[in-house]
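4 protein chains.
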Amino acid sequence: MSGTLKIADREFNSRLLMGTGKFSSNEVMRDALDASGCEIVTVALRRADLTGKNDPFANILEFIDPKRYLLLPNTSGANTAEEAIRLARLAAAAGLPKWVKLEIHPDPHYLLPDPIETLKAAEVLVKEGFTVLPYINADPVLAKRLQDVGTATVMPLGAPIGSNRGIETRAQIEIIISQATVPVVVDAGIGAPSHAAEALELGADAVLVNTAVAAAGDPVAMARAFRKAVEAAREAVEAGLPTQLDHAEATSPLSTFLKSA
Amino acid sequence: MSGTLKIADREFNSRLLMGTGKFSSNEVMRDALDASGCEIVTVALRRADLTGKNDPFANILEFIDPKRYLLLPNTSGANTAEEAIRLARLAAAAGLPKWVKLEIHPDPHYLLPDPIETLKAAEVLVKEGFTVLPYINADPVLAKRLQDVGTATVMPLGAPIGSNRGIETRAQIEIIISQATVPVVVDAGIGAPSHAAEALELGADAVLVNTAVAAAGDPVAMARAFRKAVEAAREAVEAGLPTQLDHAEATSPLSTFLKSA
Amino acid sequence: MSGTLKIADREFNSRLLMGTGKFSSNEVMRDALDASGCEIVTVALRRADLTGKNDPFANILEFIDPKRYLLLPNTSGANTAEEAIRLARLAAAAGLPKWVKLEIHPDPHYLLPDPIETLKAAEVLVKEGFTVLPYINADPVLAKRLQDVGTATVMPLGAPIGSNRGIETRAQIEIIISQATVPVVVDAGIGAPSHAAEALELGADAVLVNTAVAAAGDPVAMARAFRKAVEAAREAVEAGLPTQLDHAEATSPLSTFLKSA
Amino acid sequence: MSGTLKIADREFNSRLLMGTGKFSSNEVMRDALDASGCEIVTVALRRADLTGKNDPFANILEFIDPKRYLLLPNTSGANTAEEAIRLARLAAAAGLPKWVKLEIHPDPHYLLPDPIETLKAAEVLVKEGFTVLPYINADPVLAKRLQDVGTATVMPLGAPIGSNRGIETRAQIEIIISQATVPVVVDAGIGAPSHAAEALELGADAVLVNTAVAAAGDPVAMARAFRKAVEAAREAVEAGLPTQLDHAEATSPLSTFLKSA
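Quick mapping for you: the protein sequence lines, in order, are chains A, B, C and D.
When we follow my numbering, the leftmost residue of the first sequence carries the number 22, and every step to the right adds one.
When we follow my numbering, the leftmost residue of the second sequence carries the number 22, and every step to the right adds one.
When we follow my numbering, the leftmost residue of the third sequence carries the number 22, and every step to the right adds one.
When we follow my numbering, the leftmost residue of the fourth sequence carries the number 22, and every step to the right adds one.
Wrong hints could be hidden among the right ones.
Stated by the list, open to error - Across the chosen pairs, the derived CB separations fall in these ranges:
1) K27(D) to P127(B): 19 to 29 Å
2) D30(B) to S46(A): 35 to 45 Å
3) L266(D) to N100(C): 14 to 24 Å
4) A29(D) to D30(B): 48 to 58 Å
5) D30(B) to R191(D): 49 to 59 Å
6) G261(A) to E32(C): 51 to 61 Å
7) E103(C) to E259(B): 35 to 45 Å
8) E103(C) to R31(A): 36 to 46 Å
9) E103(A) to G224(B): 45 to 55 Å
10) E103(C) to L266(D): 27 to 37 Å
11) P127(D) to N100(B): 23 to 33 Å
12) P87(D) to L266(C): 27 to 37 Å
Calculated directly from the structure, the hints in this document are not laboratory data.
Values in this document were obtained by computation on a predicted structure and should not be read as measured data.
Even for Gly, the Cβ is constructed at its ideal location relative to N, Cα and C.
Let's have the full structure, built from the sequences with the hints guiding it.
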């Protein structure tokens, strides 16, 4: 595992991707992104102005500097492959970079992604030259099919979006990681720094966080906390995590109690 | 929860306590302590020279600066209250500060602490003016009795010493925290930055780490990782962790799909 | 939840489905099926003689009485929708009932099911009049799509086939159950009676077990054990499981200690 | 592990012990005990008439046949060793058998047992010839000390009394079992048949259930469910539970897809 995160032809130092929903204001969002140290920021295309008359992200770009961050448009709200593809094309036509976080979730209660539509859209968009980062259930076979189709990452969920419940799909994510030929980014459900750290310690390449930061009492402080947790876990992986034992191991020899005492 | 950790009459900024066993060399230990940012370092009394002829920690003190760190002697290896008390008294007689991490574990396989002997020793040592930090099983009734007796902290275990298995006693530790009138320090079992973060997110005041750092491929890098994870979790608690939901919550309104598209 | 399990137009009293792989002999299998109390038995079509010259399950039927058990052919070993469909059609042409347990798992290491191929085959087979029971990852969106297509059940996995690791996908299965309009049968990973009971207590309608029985020291005794565990959990659900509390609740009033003593 | 459960000098076929608190009526209790198949029934001494003027369990014995069940008096409500000892002696003086389930829980919120007072009382009562079954936190060192003192069992808790949360102390109970020289009975927290089965599959010798049955919608049906779950798990242990694998294992050979098809 190299020190940097390579997605498609780009390299990143940060292992933390950030979402932009639910912030109380654009100013708070901007400061939280800054504190997070992230280099990839995802924005819902539905919020952008895609009429072609104006700069689609004109307003948002006042708060997200495209020179500093890779702006990753996402298709959140799309119910079908067709809708997602249309959104991605409109964004590209409007001059955005051809990167897309593919999110197709017809289910309004749990916002879980549709495997069929996601694969269908990925096939089309990869062929059209997009760099595709699909949000998926923690399904190892689907993850494999997507990377075989040419997606730039796979992004399995830890738990439903916004639930803050952590890595409930741990066993499945471990299989995905063991079979991955592209970076694995755990996306959704990460509600605390320990969850983000756990994902990276398992071997994930990065995590995407949104609600836990945006809905925190102090989003900027929380962004800083996630930054540190992600750096911590990544450094721990590189430093060599110890194995788990089923018994204790003394920190000092126990055979000889201090006789001189 | 105030920003600093107050134990007895002392205040600390770091929430990470470090042990000193199992390092490959004193030099590595010294550098790892430095990288960890810790302010409290525990050392086994059995390793010290307590004959009274020499400075008991002469050799170790070449590597642990007592002006920088609070040196916390521990009674590791003691099988009974009597042995632990004797060790603590010898240390005080030799001029060490009257702080003691009480560890009484007769069991050689899991190194689990003895509740009866620990309470007995705590009662005696508190009366003799020691500041007592007892290592215990995650037993809420025992924790309460110890704080009632006047110990300065309670230190429940997450998992057996050196096992690196994390917070296996989560439900019990939550009860201990809910009843605590002194700082709760999770001690033993913490094998990865995510484990340390989880303990603090649960509401523990601090964690003690040893094996995971000392036995890492790169102990200094691992110490830095734990430092960051502990800071991350602490900052997250202060920033206000979000609640967990049993459903998803959209990061952006879902009712209206982009009609203009 | 009615007392019986209704799949398509058939009703069953038992909530335990059995697989037939890995038994040391057909005789042991027969006796284990008998002891399990099951009414549905799945058999791999690949093992049957589908040449059309002979009764396809001639040999197996000496050990599985079709008057007692519903014989549920499965497509285990199929890598694609096409292969699975072909197997199902051959079975029907050979005179078997038009029920099929759809298993499409291209992955040889974890035997995890392919969501895309499974939906594709389900659509075709449902249209052709088959009663389709698909084996799937614990993916709530896929489960919903399959029931919308007209499958007779959904069969999410608890853990990889033959792993005996229990219900690792608990959170996802809870969502599947909450959205189900057809019976939910937990299939794969169930390695102990407690796992089977847990699935039913969560609200699953039935479980399918194979390896844990076939690979047991005493398969007949183990089949009996699973039968009892499944009956136990089902009866507990009907008797009204109590809610979980975050505190204790005394079994007798605690306010008055026996004063007369 | 032999087929029967031996406690002190008595042998039992059932692995399920029942408590008698919280039932809506004595008649319901009687029928639930009958359905449970239990052979040991625990009753709070505080409820008995210990004045010496009347048969202490006169009323209760109308509902619990002492020829059928071993009546196990418990000291629930005692806050100290002294109170527990006094209760046990009064019971013996009143002619009850010298068996006692030792419960000392000063904490009114979680009803967790006190390790110090429990060991103290156990020492006294064992010396006086009582058969002592102590209720304890899942503390392996305490369990070992108790069995060394001569208690007839150890009874670690799975979760707080009446919480129905299952085996939250799994890792600690595994250690207790590995060191046990007397039967291990998991007591408290067992809220569903799967929890009872899990305890026995881990290697516990028996379980004690009360709230989950008494507070069920239909206590008699629930008692029957627990009986079956306990029998199931016990039979599974004797039949040889399979090991857990980290990969899948096919139920039929996968190398050759049906060529004739």
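Against the structure, the hints come out as follows:
1. K27(D) to P127(B): 19 to 29 Å: holds, 28 Å
2. D30(B) to S46(A): 35 to 45 Å: holds, 43 Å
3. L266(D) to N100(C): 14 to 24 Å: holds, 22 Å
4. A29(D) to D30(B): 48 to 58 Å: holds, 52 Å
5. D30(B) to R191(D): 49 to 59 Å: violated, 40 Å
6. G261(A) to E32(C): 51 to 61 Å: Holds, at about 58 Å.
7. E103(C) to E259(B): 35 to 45 Å: Violated - the Cβ-Cβ distance for E103(C) and E259(B), about 58 Å, lies outside 35 to 45 Å.
8. E103(C) to R31(A): 36 to 46 Å: holds, 38 Å
9. E103(A) to G224(B): 45 to 55 Å: At roughly 48 Å between Cβ atoms, G224(B) and E103(A) fall inside 45 to 55 Å, so the hint holds.
10. E103(C) to L266(D): 27 to 37 Å: holds, 30 Å
11. P127(D) to N100(B): 23 to 33 Å: With a Cβ separation near 28 Å, P127(D) and N100(B) satisfy 23 to 33 Å, so the hint holds.
12. P87(D) to L266(C): 27 to 37 Å: holds, 33 Å
Violated hints for the displayed structure, listed by number in ascending order: 5, 7.
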